[in-house]
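Make a model of the complete structure from these sequences and hints.
Heads up: the sequence lines are chains S and D, in that order. FYI, the working numbering numbers position 18 of the first sequence as 18, with every residue one higher than the one before it. FYI, the working numbering numbers position 3 of the second sequence as 3, with every residue one higher than the one before it.
Because the hints were derived from the structure by calculation, they are not lab data. Nothing here was measured: the structure is a model prediction, and the numbers come from that model.
Straight-line C-alpha distance at most 25 Å; calculated BS3-like pairs for lysine-lysine:
{"#": "1", "chain 1": "S", "residue 1": "Lys93", "chain 2": "D", "residue 2": "Lys76"}
{"#": "2", "chain 1": "S", "residue 1": "Lys168", "chain 2": "S", "residue 2": "Lys243"}
{"#": "3", "chain 1": "S", "residue 1": "Lys93", "chain 2": "D", "residue 2": "Lys19"}
{"#": "4", "chain 1": "D", "residue 1": "Lys19", "chain 2": "S", "residue 2": "Lys25"}
Label pairs and their calculated CB-CB ranges:
{"#": "5", "chain 1": "S", "residue 1": "Leu190", "chain 2": "D", "residue 2": "Val56", "range": "39 to 49 Å"}
{"#": "6", "chain 1": "S", "residue 1": "Gly94", "chain 2": "D", "residue 2": "Leu98", "range": "43 to 53 Å"}
{"#": "7", "chain 1": "S", "residue 1": "Lys128", "chain 2": "D", "residue 2": "Val56", "range": "26 to 36 Å"}
{"#": "8", "chain 1": "D", "residue 1": "Met28", "chain 2": "S", "residue 2": "Thr147", "range": "28 to 38 Å"}
{"#": "9", "chain 1": "D", "residue 1": "Met28", "chain 2": "S", "residue 2": "Ile179", "range": "37 to 47 Å"}
{"#": "10", "chain 1": "D", "residue 1": "Val60", "chain 2": "S", "residue 2": "Leu239", "range": "38 to 48 Å"}
{"#": "11", "chain 1": "D", "residue 1": "Ala55", "chain 2": "S", "residue 2": "Lys62", "range": "14 to 24 Å"}
The beta carbon of each residue, even a glycine, is placed where N, CA and C say it ideally should be.
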Amino acid sequence: MSSHAASGHIDHHHDHTTSTGIPNKKLFMWAFLASDCMFFGTLISTHLIYRLHPPPGSPDPKSIFSIELTSFSTFILLMSSLLMALAVNACQKGRVESTRKNLLGTIFFGLIFLACQVYEFSHFVHEKGLTLSNSTFGSTFYTLTGTHGCHVAIGVLWLILMYIRSFKPADADEGRPWIGKAVVHLLVFLVTIVASMSAMMSYTHIAAEHGWGAVGTFLSHHPISTAVTLAGVIALWALGRDKSTAEFGEANAIDVESMGLYWHFVDIVWIVIFTAVYLLEYV
Amino acid sequence: MEHATHAPFAADGQHHPSKFHIFVQIAMILAAITGVEIVLVYLPLAKWLIIGSLAVLSLVKFLLVIFYFMHLKWDKAFCTVLFFIGLILGGGTLWALLLLFSAESSLPPVDEISSLITLYAHNLA
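Below you can see the structure in the form of structure tokens.
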């Protein structure tokens, strides 16, 4: 530990124990994000090249895209970035409860973004006939936005693991009871996410046929996914009420910050995709 | 909100906004810029003006996120340099590829295109 850490103050932006003065985890994350810039650069350029020089028979993206849905997803991802920044800020000040709430908010918004993307892909394939292999536009579009979606999904999983990690008790007996509870917590999260995604997809399909007020029809057709979602949310609420002293605080801020860097990177990639892939089609 | 209560004072006695307030303000600016971008594509303006404005607005959003949300403003300059190396390489690759594929000499001859279409149609049949 550095001398300033020993004196009770942690400098979250600098680490005088490393030769660069930057914490190693943060340096690793910045190097990884720099390499990811090149990865997304090639994917975006591939999509743009085929859009500027479309092969014969290419579909018209304007007739496929839904600017309202994409704008909503963009707004959701921007707000998730705000919550992530607040989570890092709270963790740097040692406020565990506030960190957890902001992490949960970021997870929730990340899941909404993913649900929008799942709905968008499903709509494009089944209603608009755009598949991964029936046109060059479909191939480049799904590869680019799908890769970004995978990054978001990995980010959500990381956020969930960090949220569960924040409950590690200070007096954990050799880790065994804590690991068991953490695994249960993770399983409850995953089951709830899958059930709620399934329920939301079913509801949007029913709403498309019968209108948004058809809640009764939805509940009668999909009672299991609705019940599992409700039970999962109640279980998550109960698991999140653990008020025992946790081995999580200011010292973990660098872990939360590294995760935050990844999450914000996903956001800036979407800022570019939103303009280059979606908005430019409407000009 | 518990984090809203802290508004630090600098050594010179001047009041500086806390990071909480900075982050909320940045998020509001980002949302507003996104709204402007969406409205912009429907305005009856010159194409070059709309594309140029979209590029500038996206760049502003990009810089706000990396310098404030990703803390580059408060971190050592080495982090900025490291990230911009990747960004310039990625952006340069994008730019070079777009220029290469736009060059007249890189376009396939018209005869070749029509023979490819014929071949494709034949394979489909």
